[in-house]
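Q: Chains as they are written, first to last, in the working numbering: chain A, 1 to 375; chain B, 1 to 248.
Hints in this document: simulated from the structure, not taken from any laboratory.
For every residue, glycine included, the Cβ atom is placed at its ideal position computed from N, Cα and C.
You may find that some hints are simply not true.
[Unchecked claim] Partial pick of chain A residues on the chain B-facing surface, computed with a CB cut under 8 Å:
| id | residue |
| --- | --- |
| 1 | Arg-120 |
| 2 | Asn-121 |
| 3 | Pro-251 |
| 4 | Asn-257 |
| 5 | Thr-258 |
| 6 | Ala-260 |
| 7 | Glu-264 |
| 8 | Tyr-265 |
| 9 | Glu-267 |
| 10 | Leu-269 |
| 11 | Val-271 |
| 12 | Arg-310 |
[To be verified] Simulated restraints, written as ranges between beta carbons of each label pair:
| id | chain 1 | residue 1 | chain 2 | residue 2 | range |
| --- | --- | --- | --- | --- | --- |
| 13 | A | Phe-343 | B | Glu-115 | 54 to 62 Å |
| 14 | B | Glu-115 | A | Glu-71 | 52 to 60 Å |
| 15 | A | Gly-359 | B | Asp-171 | 41 to 49 Å |
| 16 | B | Leu-118 | A | Val-45 | 25 to 33 Å |
| 17 | A | Ala-236 | B | Met-112 | 34 to 42 Å |
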Amino acid sequence: MAAEVSNAGVPPIASPTPGLPGVGAGSGSALAPVAAGKVRLAAVVVLLTLVLGVAVLVSVSLGAYRLAVREMLAALFRGRTLSPMQHAILFQVRLPRVLASALVGAALSVSGLMFQGLFRNPMADPYIIGASGGAAVGACIGIVFLAQWSLLGFSATALLAFAGAVLTMFVVYGLARTRGRSSGVTLLLAGFAVGMMLSNSTYLFEIFDPNPATGGRIVSAWLRGVVGVPEWRQLAVAAAMLAAALVVAYPLMRRLNTLALGDEYAERLGVRVELARVGIVLVGSLLTALAVSLGGLISFAGLIVPHVTRLWLGPDHVRLLPVTALAGAIFLVVTDTAARTLFAPMEVPVGVVMVFVGGPFFLYLLRKNKREYSL
Amino acid sequence: MPMLELRGVGFGYGARPVLADLSLRVECGEAAALIGPNGAGKTTLLRVLAGGLEPSEGQVLLEGEPLHTLPRKERARHVALVPQGFDVPFEFTVEQIVEQGRSPYLGLLRGMMREDRLAVDRALALTDASGLRHRIFNELSGGERQRVKIALGLAQEPKLLLLDEPTQNLDIGRQVELLDLLDHLRHEGLTVFASIHDLHLVQGNFSAVHLLSPGGALVSGRPEEVMTPRRLADAFHCPPGRHPLLMG
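Based on the sequences and whatever the hints tell you, model everything.
A: Pasting the structure below:
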């Protein structure tokens, strides 16, 4: 038997493999994954930046009072003066809100990208790992007990949401650690359990609110996600934090690519897995906290945007970082514009719009690509 | 000086001992096979040798130097382990996966340079996987995956290549292809140490063999010395004469 096997006439290893197409199956679809280098990353980034610019301009012009795009451009770049009312609408209402939604979208999407990469699981997002639940409890305390309080333009609600998200992540991480190490699965399960307890406890704030006239409604709106009109200094702080988080995230993205091979494999390749994991959890929950402090609990963006960019450009996290941030910003600018204009003067929580726009689109992508995600 | 030397190595998961008092040598440039029944600790031994697990006693020497005190990146430049199971989430291309083998050469601010790209190209060419470069790993066949896993190990540019059951789940044509590849790599100067499930494949393909029995007894030598029907029947707890290999 042994002789038969070793004598079988098999071509030497240097034999050429049959010619293979450069791009995998499914290249007919518009969003087929493209091999690294096929699409110039710079071109995609420039394109998305332009789209974001146009989306911001259009969004700012829309509303109960129409502002002509041409007049705004003239005011912004050629110093033309607007009427006091136009000026107030542009700089005190629309622009801050639109920029806030862009920041929220970018932050949520990048944190979703990081959590999905860390857990090697396309269903992971700030909700699953508990960061959003912690933020929700913090925000509820702020809304119900400290409504008048603020710091640096941030309300107590925003600050406590931020603190809640970060604190929860430390608790979850501590729970998932045994003998100085954590495993991805334990972290995911611990985060899920803690997050469920926290996010469900917000229900108590809704029904036991001491100011029945307003509080319960504010809590419930916040839990569905509403981008308010922030102050400029609040925006500046948030933008600076987002920029810092993206800079720190960059080297972590390469770690995420290596961690895709599994913890032990990454360790064998010289990666300090535990350190990388702490960094990813920390930056991811900071981004979540940043987003919820500006826009409340907006579901779905952190889940869906990284999916779409991954289907488009493949899973290399380094390439996905800038693209996902930009795509998330665009997605939220568009959905928030819809949220405040579709049924004007009524405003729909942006989280609700997001689910109705994003859900079907997401399902369409899943069906069209027919590439199952292997876990 | 041998490429790899184990001196009284022991290891256990928690309180359960798996390896006890193991001593063996793998000479530079040789292809050695590790055989033994299921559960004897072959995979565990390979994980210890790759530096992923720390031995509870004894010493592992790589070219005379204690393996487990080497800085982790340094170690990853010397030893690569091609694991048996290998799951990758998402749709990484073959190239993106093999590039991860360069991790031990990259720094916080040092990305992939020209020499890293060349090492990836070389690893893909050696394993005849250049044509798979832009394919999605999870869509490859078993034989193609095996070649890519080896390319990932080779991208580390190791001196010692450890393989955990590399012929598992391959058809006979792909098995022979793989053994030819290992032989080719040995001629390129690599030392190869592979656990082999299929005992037919040892003779003629490996110059040394280490038979590991449950409980940690180890017999080393040339295949024809080690793989006698008696020893195999003992180690594998197989009644004599009940398997073609045990006919003597």
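Q: Hint compliance check: list the failing hint numbers for this structure, sorted ascending.
A: none
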